[in-house]
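**Q** Here the protein sequences line up with chains A and B, keeping their order.
All letters in the first sequence, in the order written, are residues 0 to 681 by numbering that gives the first Met the number 0.
All letters in the second sequence, in the order written, are residues 0 to 297 by numbering that gives the first Met the number 0.
Hints in this document: simulated from the structure, not taken from any laboratory.
Only a predicted model underlies this, so the values are computations on that prediction, with no experimental measurement involved.
Be a bit skeptical, because a hint or two may be false.
[What the hints assert, rightly or not] Which chain B residues face chain A? A few, computed with CB under 10 Å, are given here:
| id | residue |
| --- | --- |
| 1 | 105 |
| 2 | 155 |
| 3 | 156 |
| 4 | 158 |
| 5 | 178 |
| 6 | 182 |
| 7 | 234 |
Built from N, CA and C at the ideal position, the CB exists for glycine as well.
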Amino acid sequence: MSTPRTTLDKPRATSPAAISPDGSGDERSRPPAMRGQPYLWLLVFLLGIALFRQYGVSGFGDTDLVNTWLFYCVIVVGFYLVFGVSGQFAFSQAVFAAVGAYTSAWATRIALFGVDSFWMGVLVAIVVTAIVAAAFAFLMRRASHFYFAIATLGLSEIILEVLRKWTAFSGASGDTTAGIRHISLFGYPLDNPYRIFWVWFGALALVLLLTIFLARSPVQREAIATRDHDMVASTLGVPILRSRITMFVLGSTIAGVGGAIFAHSKGFATPDSFGIDLGLGIFVMLILGGIDSRWGPIVGAAFYVFVPQWLQGGVLGIPGVDFTVNAFGQEHRLGDFRDLFFGALLVIVMIAFPEGLVGIGRRLRSLVLGRAHPARRTWLSDFLGLTPKRPRAAADGTYGRETATAPRPVKAGAGDGTEGHPASFPVLEADDIRVQFGGVRAVDGASLSVREHEILGLVGPNGSGKTTFLNALSGVIPASGSLRVRGSPVQLGRAGRVRPLGIVRTYQSPQTYEHLTCIEDVMLSTADRTLTGITPACLARPAVVRRDRGRCEAAAQALDRVGLIRLAGEPTARLSYGQRRLLELARAINAQPDILLLDEPSAGLDSSETEELIAHLRRLQDDGVSILLVDHKLDFITSLCDRVAVLELGQLVAVGPAGTVFEDHRVVDAYLGVDEEAASRA
Amino acid sequence: MSNLIALLASGLAVGAIAALAAVGFLLIYKATGVVNFAQGDLITLGAYIAIWLTQKDGAFGIGALGLVPGYIVTILIMFLIGVGLERVAYAPLRGRSIHVIVITTLGAALVLRAFIGLWQGTTPRYLDSPVRGDVLKIAGANISYQRVLVIIVSAIVVVATILLFQFTQFGRQLRATAADRDTAKLCGVPVNWLSMLAFGLSAALAGLAGILLGPLGSIDLTLGFNFMILGFAAAVLGGFGSIGGVVVGGLAIGLVQYVFGGYVLRDYNAIFPFVLMILVIALRPQGLFARGSALRRL
Chain A
0 MSTPRTTLDK PRATSPAAIS PDGSGDERSR PPAMRGQPYL WLLVFLLGIA
50 LFRQYGVSGF GDTDLVNTWL FYCVIVVGFY LVFGVSGQFA FSQAVFAAVG
100 AYTSAWATRI ALFGVDSFWM GVLVAIVVTA IVAAAFAFLM RRASHFYFAI
150 ATLGLSEIIL EVLRKWTAFS GASGDTTAGI RHISLFGYPL DNPYRIFWVW
200 FGALALVLLL TIFLARSPVQ REAIATRDHD MVASTLGVPI LRSRITMFVL
250 GSTIAGVGGA IFAHSKGFAT PDSFGIDLGL GIFVMLILGG IDSRWGPIVG
300 AAFYVFVPQW LQGGVLGIPG VDFTVNAFGQ EHRLGDFRDL FFGALLVIVM
350 IAFPEGLVGI GRRLRSLVLG RAHPARRTWL SDFLGLTPKR PRAAADGTYG
400 RETATAPRPV KAGAGDGTEG HPASFPVLEA DDIRVQFGGV RAVDGASLSV
450 REHEILGLVG PNGSGKTTFL NALSGVIPAS GSLRVRGSPV QLGRAGRVRP
500 LGIVRTYQSP QTYEHLTCIE DVMLSTADRT LTGITPACLA RPAVVRRDRG
550 RCEAAAQALD RVGLIRLAGE PTARLSYGQR RLLELARAIN AQPDILLLDE
600 PSAGLDSSET EELIAHLRRL QDDGVSILLV DHKLDFITSL CDRVAVLELG
650 QLVAVGPAGT VFEDHRVVDA YLGVDEEAAS RA
Chain B
0 MSNLIALLAS GLAVGAIAAL AAVGFLLIYK ATGVVNFAQG DLITLGAYIA
50 IWLTQKDGAF GIGALGLVPG YIVTILIMFL IGVGLERVAY APLRGRSIHV
100 IVITTLGAAL VLRAFIGLWQ GTTPRYLDSP VRGDVLKIAG ANISYQRVLV
150 IIVSAIVVVA TILLFQFTQF GRQLRATAAD RDTAKLCGVP VNWLSMLAFG
200 LSAALAGLAG ILLGPLGSID LTLGFNFMIL GFAAAVLGGF GSIGGVVVGG
250 LAIGLVQYVF GGYVLRDYNA IFPFVLMILV IALRPQGLFA RGSALRRL
């Protein structure tokens, strides 16, 4: 068992959820995900298993077991991308391995393109798996988590049934497709477990390298943002549909490659070897190993493969526990209880240590090294509500004390020609906005325009529809009406449509990403969306790294401006409420917005923090940003806003300078209620 | 004509069992908001317990119970197993999110299946039926009585469940518990008993489904899981939540599989229910019939 041990020493910095808090601002141009030495660890790991293959394994049987482990590693790393990074509940990983296996077997059998080599077959398998996965993911783009899970179960049934019945494709007689061509490399046949090992070795090396590339590029950051809060990601400009589909297709295609190698190395295939048992096993391996680390699949698969074998009487030369248990009148060896054991373990792991074996390793290491414990949580445990309550205290009380230095120019709006007439040109015109929840008209035909360089306050009693109005403008809820930004119409009801036009918003309760560090959270909002896809992440490494360093520097400036730079490398989960508000503001600043929509920015801030907020917003205004803000505090509104709009029962009752609006009797009535007697007398 | 009638009967029978499986997990879903992924393996377990109780080499060497008494005892045992499942896999997790319980039920499904495998082995088994071998002849079509029995029993159970939900104090309390457990508790609803009862009834329905399903073919470890996915399909088509919708969804998948699949791509008829389900999720996630979305919390 020496192999997995090396994997426990993985560098923590590879996983955004567990970055050590060393971001003290001196490494400004290095995003936290780019620290650590993942390439080195990958080399150490590969060297370890190569040496192990050379000196630690004897016999075809044991080598075959190691190969099975590597097969699981490959497909579970794929599943890590789908479920661990991207958060998609998919039971389809096993069946995509089947698609890859059978497609490759078919392509080599009929010698597609006149070539019958495995390498052609695996290429065809990649293309076919990717097409099937992409079509499915596109169809499921609006499905909830639970429906997605059920649909992947349905897809599994469909594909397995087709493979069972379509013998012209599968080439099967009975259940089994036999005579699948063995892999050969430059005419050298890889036809026994010792040689096949190297194919798996290469495949796993490539797949792990891919995960490093993704982690050290915007891809993983954006997938995590999509996973943890897709609506927020969308309003920040992250293409969530692309992120989801890409990750699903990528992970599924990796399964397809694994399946193809598996079929060609065995020489035969049956649909049932890719059935629901393997599907559930993949789930068990990832959760058991650790869901938030690329080493989780490796450790989980090792556990899944070797431990039952060990209970069965020994593995890889290690003498095992070998005794039999009498159950139901039959003698059983311990290994026969494998599924019982894993089913129970799935439950226990979920509840007791959601971070899996890798997480336990991390904790042991920090115990030995005397470091602070890494957070015992994953996105899954948060999602499942298993994480203990967040400590409310600030990790560092000094925010705000380091006030920013000289003002840095933010992009000065697109309408540079309008400088001559400030506060006149409308940049955002909303007309007759309506939002209906069942029978309730939350916003009922409100029309409002925000002028260039102005701060417009939107006030109104509770339930008057202020937040709903902002939601409608930013497209996160369905709404009717028309919206124009600098004269061009924008489709309502689609989050992500307004971000490219320079509109950025914040939320009533701050929406920060607890599994990202502060700097990564801010980097999400970047206006620079070049080289964010997976193709450059894999093929144009230097350019991607350079870009991301640029984004990191810009984000650091934004953090500096709100006084949070000292917390740049901290997970946002450590921030206090007020700090999270400032982080959201930094994120908005980093987006270089043209128009800013702020939802109760002063809520929960004390008076000095409110003063600072006012200063920040004034500076943004000076930089040319137009601001629409919703708030309850009238003194905050009056001291900041050029104009105020009052919303009551979803309708706009008054717009104008603060002084005159608050004199308006309709506004007073809206807030204080109507004196019925006085009204009837009048 | 005779072909069509035979296909209709097969379709109705499969649809009826899918509806029965779906009613089983909807009962828990409506009472607790949890989708129980172990429901399928409970169906399998029901079929195996029935075999164990009614066949000569079965339980405790007592020899065979009569078929109908054996069935009744099976359903009672399944009820107790359901209550036990609630105590072990749901009660300790109450208050956690729905999703943790769903993953726990997946674990429970694995445990159940592994247990059945150890207990009964992996070779297919057969369950006897009181109406075995008898066929009903309608317009030249032979329809086995087992299918007729399946359709009639399922219809009775579904109607009874709807009545239970809509018109009894128990049903009101169940719905109240699902809507807001704490408030229901404050109103004096015995929520603990209710969720035990819901799991028990649901497992009993799974046992019934296993008993009805068993004699239609051979019984193996994946029998129930496959029917559970059909049940999911039926529930999705019906908008997930309405029991009436499940009946229509079950009929739809039964008919699409046997009647549509009886004429088009016959070899592949087993995939049609899932194709239909995926299309519904893609195009009409609120279900074929519902207006609003009935899918809450998940």
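**Q** Run every hint past the structure and note whether it holds.
**A** Each hint, compared with the structure:
Look at residue 105/B: its Cβ gets to within about 7 Å of chain A, closer than 10 Å, so that hint holds up. Annotation: interface hint on residue 155/B violated; nearest CB of chain A at approximately 28 Å, more than 10 Å. Restraint check, residue 156/B versus chain A: the minimum CB separation of about 23 Å is more than 10 Å; hint violated. Checking residue 158/B against chain A by beta carbon gives a least distance of about 26 Å; that is not within 10 Å, so the hint is violated.
Taking 10 Å as the C-beta cut-off, the interface hint given for residue 178/B is violated, the closest approach to chain A being about 16 Å. Proximity of residue 182/B to chain A is violated relative to the hint, the smallest CB-CB distance being about 19 Å (cut-off 10 Å). Annotation: residue 234/B was flagged as interfacial toward chain A, and the flag holds, the nearest CB pair being 9 Å apart, inside 10 Å.
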